[in-house]
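Let the hints inform the model, and build the full structure from the sequences given.
Chains as they are written, first to last, in the numbering used here: chain A, 4 to 322; chain B, 10 to 227; chain C, -3 to 50.
What the hints contain is simulated information worked out from the structure, not anything from laboratory work.
In this text, a Cβ means the ideal position worked out from N, Cα and C, and glycines have one as well.
Be aware that one or more of the hints could be misleading.
[To be verified] With the C-beta cut set under 7 Å, the calculated list includes, among others, these residues of chain A facing chain B:
{"hint": "1", "residue": "ASP15"}
{"hint": "2", "residue": "ASN212"}
{"hint": "3", "residue": "ALA230"}
{"hint": "4", "residue": "HIS234"}
{"hint": "5", "residue": "HIS314"}
[Unchecked claim] Pairwise CB distance ranges (calculated):
{"hint": "6", "chain 1": "C", "residue 1": "ILE28", "chain 2": "A", "residue 2": "ARG115", "range": "39 to 45 Å"}
{"hint": "7", "chain 1": "A", "residue 1": "PRO147", "chain 2": "B", "residue 2": "GLY135", "range": "45 to 51 Å"}
{"hint": "8", "chain 1": "A", "residue 1": "ILE294", "chain 2": "B", "residue 2": "GLU34", "range": "23 to 29 Å"}
{"hint": "9", "chain 1": "B", "residue 1": "VAL194", "chain 2": "A", "residue 2": "GLU271", "range": "39 to 45 Å"}
{"hint": "10", "chain 1": "A", "residue 1": "ARG24", "chain 2": "B", "residue 2": "GLN25", "range": "27 to 33 Å"}
{"hint": "11", "chain 1": "B", "residue 1": "PRO38", "chain 2": "A", "residue 2": "GLY305", "range": "47 to 53 Å"}
{"hint": "12", "chain 1": "C", "residue 1": "PHE18", "chain 2": "A", "residue 2": "PRO147", "range": "52 to 58 Å"}
{"hint": "13", "chain 1": "C", "residue 1": "ILE28", "chain 2": "A", "residue 2": "ALA146", "range": "30 to 36 Å"}
{"hint": "14", "chain 1": "A", "residue 1": "VAL28", "chain 2": "B", "residue 2": "LEU131", "range": "50 to 56 Å"}
{"hint": "15", "chain 1": "B", "residue 1": "LEU37", "chain 2": "C", "residue 2": "PHE18", "range": "19 to 25 Å"}
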Amino acid sequence: MSAFASAPADDDREWQGDYVRYDLVKEFVVALVVITALTVLLVVLFSSPDDPPVTIQQWARADPGDFVATAVTDLDGTSEVATYGPPYNNVPGAGQKVFGVNTQTWPGVHYRIDTARDFVLDPLHSIPGNAALKRALASYQTAPARQQSRWTSAYSAALKHARYPDGLPKLPPGHYGPVAPMMSSLAGLAESGGLDGALLTSSQFYQTNYTKPLLFLSGGAFFESRADAQHLLGNQWGMMNETGSYPGQVWLWLYTFWYQISPFNTSENADAQIWVIMAVLSLAFVCVPFIPGLRSVPRYLGVHRLIWRDHYRRVEEGP
Amino acid sequence: MSTEQASRSWTGWIRQRAVRALPPEKLLPDRQPAYVASWIYVFGVATIAALIVIVASGVILGLKGPAWWHVSSVGRFFNSVHLWAVEVFFFVMVVHLWGKFFMGAWRGGRSRTWVTGAVIFLVAIGTAFTGYLSQQNFDSQWIASEGKDGLNAVGVGAYFNVADFGQMYTFHIFLLPAVVVALVVWHVLLVRRHGVVPPYPARRREAAPATDQGARSK
Amino acid sequence: MPGFASLIDLNSPAHYVHWHFFQMSVANILVIALMILVFIAAILLPFPGRGRES
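Below you can see the structure in the form of structure tokens.
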């Protein structure tokens, strides 16, 4: 005789069988006490992590070469941030696509970032009393774009031979134009801590928007190397991890999984593609009751027969 | 006032519908069907308990502001309570979710209970995300710099800026918890309204009589 | 940080389990393993009986 097909589906009717006394409020109070005690125990055992944030000052002091290399690409518009596309800037061809649709460009530019102006030129203009710097800035900004590009390319290429005797870049002789004194002054401003402040409060006194300093930091290798050391990178299942040996956001396992496998681990559109996958899976998760096949899986898996084994024993074997 | 007169007022109409859907003995029953007899059933209330610890520790953190826990050992204690309560919350919520899946708990008109529960899970992930962003330490810097790429790739980053601490903090301490709490209240009321899902129909014995009350698989 | 210190310091770099493309911290693996164990225990452990009313 078929095990399931012949039984009527009366799942929505009031239960006609036996009841047991069940004190919900007492259960809630006990749960609250137990959960609170468990949490406090974990706190006493492990506390919580608090790795201090990276500042541009730390970056410039610890790795001035990486700082200057990043700043030059921000100046000449070849950096990752400069070529990011919306919501920071309009760059032809930039932006991730899914099925040929450029999902990144929909909202347009909302937080305009011109890396040359915001990360280099405006902070340099704020330095008072340095006549040589003012002349260098004027020389750079009035030069044609091709000349600017020749200066920044020569500077970038020569950086590998740079020395930093007092924390500021000293390059071998070359045709860098005003870029050399500009980068030297920018490194000095960064190492003094002034660049952190300039990037944050450039437009207003009160500010909670860290987009500019964070984007500047994220363009460099120093910031990423700190994350690499903590296994927080995308290809290290980093989304799930926490600094130190603490458990992280374990529930993000499926989201980070896709970044580890082909084709997403080499795709330029991985973020958009994986968002679409996760959106579809999340929708399916919410709609389980309405998806034929999926909603029948528990019945066939039979784990419920373990959960309700007393009930089935009474019903199927009799008293 | 007669029943007929009460139903003509908006208040009376709402009261009648509410009392009909959830009379006191349904809202706060002191008995449950006999099949509600497994430790798996405590994980729902455990999730609510964890949520209360999260909110309470969050309120204390909020009272002293976001920088407090970096400079005070008492602040660090409450930050730790908040963090571990979140780990416990997701732990017990997922065990609850597994149990409900294997029980097919959406059966018998309970699909809204499943849907609200699933949405709570997703909104809680978002709430935790904004919490990690609000830490103001290296972890929050890194999560912001990585998270922005996913959100920008689908156009959401223009409206939800993970590098804007003020925006993320506001979402975290009020907007998203309000949604979570409202959904949890709705979810619990649905459970009280429809009752705990009964077992899947039992396998029929070959010569089973139809009159045995216990054999009715409801 | 004055005063409050934990009994076990988890601030050292984590240990990781590697297998092909899979890598996970020991902490996260412990959490997942515990969840599975707790789920199995919740289903298998007997629940105290209550007064039955027919």
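Outcome of the hint check:
1. Annotation: ASP15/A was flagged as interfacial toward chain B, and the flag holds, the nearest CB pair being 4 Å apart, inside 7 Å.
2. Interface hint at ASN212/A: satisfied, since its Cβ lies 5 Å from the closest Cβ of chain B, which is below the 7 Å cut-off.
3. Taken as an interface hint, ALA230/A checks out: its beta carbon lies about 5 Å from the nearest beta carbon of chain B, inside 7 Å.
4. Annotation: HIS234/A was flagged as interfacial toward chain B, and the flag is violated, the nearest CB pair being 11 Å apart, outside 7 Å.
5. At its closest, the beta carbon of HIS314/A sits 4 Å from a beta carbon of chain B; the interface hint therefore holds under the 7 Å criterion.
6. Remark: the range hint 39 to 45 Å for ILE28/C to ARG115/A is upheld by a beta-carbon distance near 43 Å.
7. At about 48 Å, the CB distance of PRO147/A to GLY135/B agrees with the hint of 45 to 51 Å.
8. A hinted range of 23 to 29 Å is violated for the C-beta pair ILE294/A and GLU34/B, which are about 35 Å apart.
9. Against the hinted window of 39 to 45 Å, the Cβ-Cβ separation of VAL194/B and GLU271/A comes to about 44 Å, which satisfies the hint.
10. ARG24/A and GLN25/B have their C-beta atoms about 30 Å apart, which keeps the hinted 27 to 33 Å range intact.
11. For PRO38/B paired with GLY305/A, a C-beta distance near 29 Å fails the hint of 47 to 53 Å.
12. Checked against the given bound of 52 to 58 Å, the beta carbons of PHE18/C and PRO147/A, roughly 53 Å apart, stay inside it.
13. Roughly 58 Å separates the CB atoms of ILE28/C and ALA146/A, a value that falls outside the hinted 30 to 36 Å.
14. At roughly 29 Å, the beta carbons of VAL28/A and LEU131/B sit outside the given window of 50 to 56 Å.
15. In this structure, LEU37/B and PHE18/C break the distance hint of 19 to 25 Å, their C-beta atoms being roughly 47 Å apart.
Violated hints for the displayed structure, listed by number in ascending order: 4, 8, 11, 13, 14, 15.
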